Amino acid sequence: NAGVTQTPKFRILKIGQSMTLQCTQDMNHNYMYWYRQDPGMGLKLIYYSVGAGITDKGEVPNGYNVSRSTTEDFPLRLELAAPSQTSVYFCASSSGGANVLTFGAGSRLTVL
Amino acid sequence: DQQVKQNSPSLSVQEGRISILNCDYTNSMFDYFLWYKKYPAEGPTFLISISSIKDKNEDGRFTVFLNKSAKHLSLHIVPSQPGDSAVYFCAASGTNAGKSTFGDGTTLTVKP
Chain A
1 NAGVTQTPKF
11 RILKIGQSMT
21 LQCTQDMNHN
31 YMYWYRQDPG
41 MGLKLIYYSV
51 GAGITDKGEV
61 PNGYNVSRST
71 TEDFPLRLEL
81 AAPSQTSVYF
91 CASSSGGANV
101 LTFGAGSRLT
111 VL
Chain B
1 DQQVKQNSPS
11 LSVQEGRISI
21 LNCDYTNSMF
31 DYFLWYKKYP
41 AEGPTFLISI
51 SSIKDKNEDG
61 RFTVFLNKSA
71 KHLSLHIVPS
81 QPGDSAVYFC
91 AASGTNAGKS
101 TFGDGTTLTV
111 KP
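Protein sequence lines correspond, in order, to chains A and B.
Residues 1 to 112, numbered by this note's numbering, are exactly what the first sequence covers, in order.
Residues 1 to 112, numbered by this note's numbering, are exactly what the second sequence covers, in order.
Think of the hints as simulated: they come from the structure by calculation, not from any bench.
As the structure is a computational prediction, the values presented were derived from the model and not from experiment.
Be a bit skeptical, because a hint or two may be false.
[As the list claims (entries may be wrong)] Result set (DSS-like, lysine-lysine): computed pairs, CA atoms no more than 30 Å apart in a straight line:
hint	chain 1	residue 1	chain 2	residue 2
1	A	Lys57	A	Lys44
2	A	Lys9	B	Lys5
3	B	Lys37	A	Lys44
4	B	Lys54	A	Lys44
5	B	Lys68	B	Lys56
6	B	Lys5	A	Lys44
In isolation and in its complexed conformation, chain A is listed as follows:
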């Protein structure tokens, strides 16, 4: 049982480039989330989804886009990468009960 799988683990981007962080879960969870963690800080919610075809903005959505075409996948798209998007990105999923999140291992992104 893989849980939540994120790819890539590491990526370096140049300013203005775009990329997609992939996230897949095999627990049949309806709820999925993208968080970012800056050094010494907590996790900030970027986007979330309560089911296939439904997405909504979190606390820090600017510069990102998401889609949820299937229950399993929740990719995060960065358009026109900026140095402020240098961070560690975590994807998470939840069945909804007791709001416990299962996290992926994270994707470390550096924008130079």
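Starting from the known structure of chain A, fit chain B onto it as the hints suggest.
For chain B alone, kept in the frame of chain A given last:
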């Protein structure tokens, strides 16, 4: 305005002693409070939670206490072990899609 605060960035305790990690929140609409543990280069993992209708929840060496009137919760680890050394995040969520708001974390170091 940070809704979940962990005012101690770090805590160091001796093996076998008690570790007490604190967390304060401002939003009275939060229903669940959770603690996550994070090792370097890994995603956070769920540790223990408490519903707003309870004031204590215990799971082995870990106990979470909730004081709703003070909007304060704490995580007690007893006895502390070197393997408990990690970053601990306090999180709070409501009924809206299970979105969790995280504190900035407390780095616990347990010395042998």
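(request) Starting from the hint list further up, note which numbers the structure goes against and sort them upward. (result) none
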